[in-house]
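K.L.:
Protein chains in written order, with the numbering used here: chain B, 1 to 112; chain V, 1 to 114.
These are calculated hints, taken from the structure and not from any lab test. Some hints here could point you the wrong way.
Okay, the calculated beta carbon distance ranges per label pair [said to hold, decoys possible]:
1) V/Pro18 - B/Lys61: 40 to 46 Å
2) B/Pro79 - V/Ala39: 31 to 37 Å
3) B/Ala1 - V/Leu11: 29 to 35 Å
4) V/Val12 - B/Lys69: 42 to 48 Å
5) B/Pro79 - V/Lys80: 48 to 54 Å
6) B/Lys71 - V/Ser77: 39 to 45 Å
7) V/Pro107 - B/Ser84: 16 to 22 Å
8) V/Leu11 - B/Glu66: 40 to 46 Å
9) B/Thr107 - V/Ser84: 21 to 27 Å
10) B/Lys71 - V/Ala39: 25 to 31 Å
Even for Gly, the Cβ is constructed at its ideal location relative to N, Cα and C.
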Amino acid sequence: AQSVSQHNHHVILSEAASLELGCNYSYGGTVNLFWYVQYPGQHLQLLLKYFSGDPLVKGIKGFEAEFIKSKFSFNLRKPSVQWSDTAEYFCALNTNAGKSTFGDGTTLTVKP
Amino acid sequence: SQTIHQWPATLVQPVGSPLSLECTVEGTSNPNLYWYRQAAGRGLQLLFYSVGIGQISSEVPQNLSASRPQDRQFILSSKKLLLSDSGFYLCAWSPPGPNYNEQFFGPGTRLTVL
Numbered sequence: 001a002q003s004v005s006q007h008n009h010h011v012i013l014s015e016a017a018s019l020e021l022g023c024n025y026s027y028g029g030t031v032n033l034f035w036y037v038q039y040p041g042q043h044l045q046l047l048l049k050y051f052s053g054d055p056l057v058k059g060i061k062g063f064e065a066e067f068i069k070s071k072f073s074f075n076l077r078k079p080s081v082q083w084s085d086t087a088e089y090f091c092a093l094n095t096n097a098g099k100s101t102f103g104d105g106t107t108l109t110v111k112p
Numbered sequence: 001s002q003t004i005h006q007w008p009a010t011l012v013q014p015v016g017s018p019l020s021l022e023c024t025v026e027g028t029s030n031p032n033l034y035w036y037r038q039a040a041g042r043g044l045q046l047l048f049y050s051v052g053i054g055q056i057s058s059e060v061p062q063n064l065s066a067s068r069p070q071d072r073q074f075i076l077s078s079k080k081l082l083l084s085d086s087g088f089y090l091c092a093w094s095p096p097g098p099n100y101n102e103q104f105f106g107p108g109t110r111l112t113v114l
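Could you build all of it, start to finish, from the sequences and the hints given here?
P.N.:
In structure tokens:
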């Protein structure tokens, strides 16, 4: 069975602080990994994705994530957060078995 | 461009009543379609997905069912709602083919069962 684990349920940061949200997955085969973001009152939308190639992927709004296969991890990072980054962040996994699995989400609150 | 619609946006229903939530996608053909339930602090739970008309895969046993009567229409139903069916329901689509791609989400339906 495949699973996704997000370790931080709620993170509170001040503006300009650095961010790292943890994501670990469990699956023995090929995976595609995603981070989605849901800003208050908006649709869930894609932040970045990893399919293959360079394990460091860059997304919108200065976010990046690194796929470390040996650690089954896909952590999300941003060097300096802004108040507008306040949102809920979901890590997700697609496999060639045709299933999508999402983590429980991390709520990020950035204080101005 | 592609768009996804869900309705209604909010719904309050009594226990034991039927349910029908509708999702339609425009601007693409033969999309993969998904129904999720989002609970606070519990992420997104995949309920059903469909790779074509009449093809439905159920992920968890539950009081709900799904149907895909047309290529770009996906319906979530129940014959008798339970209190535990309350939640936020999201429809999503992805391009046709292997389920490798990102998904595009609708605005969701907030269902309250009283």
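K.L.:
A separate judgement is required for each hint: does it hold in the structure or not?
P.N.:
Consistency of the hints with the structure:
1. Between V/Pro18 and B/Lys61 the Cβ separation comes to about 42 Å, which falls inside the hinted range of 40 to 46 Å.
2. In this structure the supplied range 31 to 37 Å holds for B/Pro79 paired with V/Ala39, their Cβ-Cβ distance being about 32 Å.
3. The given range of 29 to 35 Å is respected by B/Ala1 and V/Leu11, whose C-beta atoms sit roughly 32 Å from each other.
4. Between V/Val12 and B/Lys69 the beta carbons are some 47 Å apart, a value that agrees with the proposed interval 42 to 48 Å.
5. Remark: the range hint 48 to 54 Å for B/Pro79 to V/Lys80 is upheld by a beta-carbon distance near 52 Å.
6. Taking 39 to 45 Å as the suggested C-beta distance range, the pair B/Lys71 and V/Ser77 conforms, at roughly 42 Å.
7. Our hint of 16 to 22 Å for V/Pro107 and B/Ser84 holds, since their Cβ atoms are close to 20 Å apart.
8. A hinted range of 40 to 46 Å holds for the C-beta pair V/Leu11 and B/Glu66, which are about 41 Å apart.
9. A beta carbon spacing of about 23 Å between B/Thr107 and V/Ser84 agrees with the range 21 to 27 Å that was offered as a hint.
10. Checked against the hint of 25 to 31 Å, the C-beta distance between B/Lys71 and V/Ala39 comes to roughly 28 Å, which is consistent with it.
Checked against the numbered hints given earlier, the structure satisfies every one of them.
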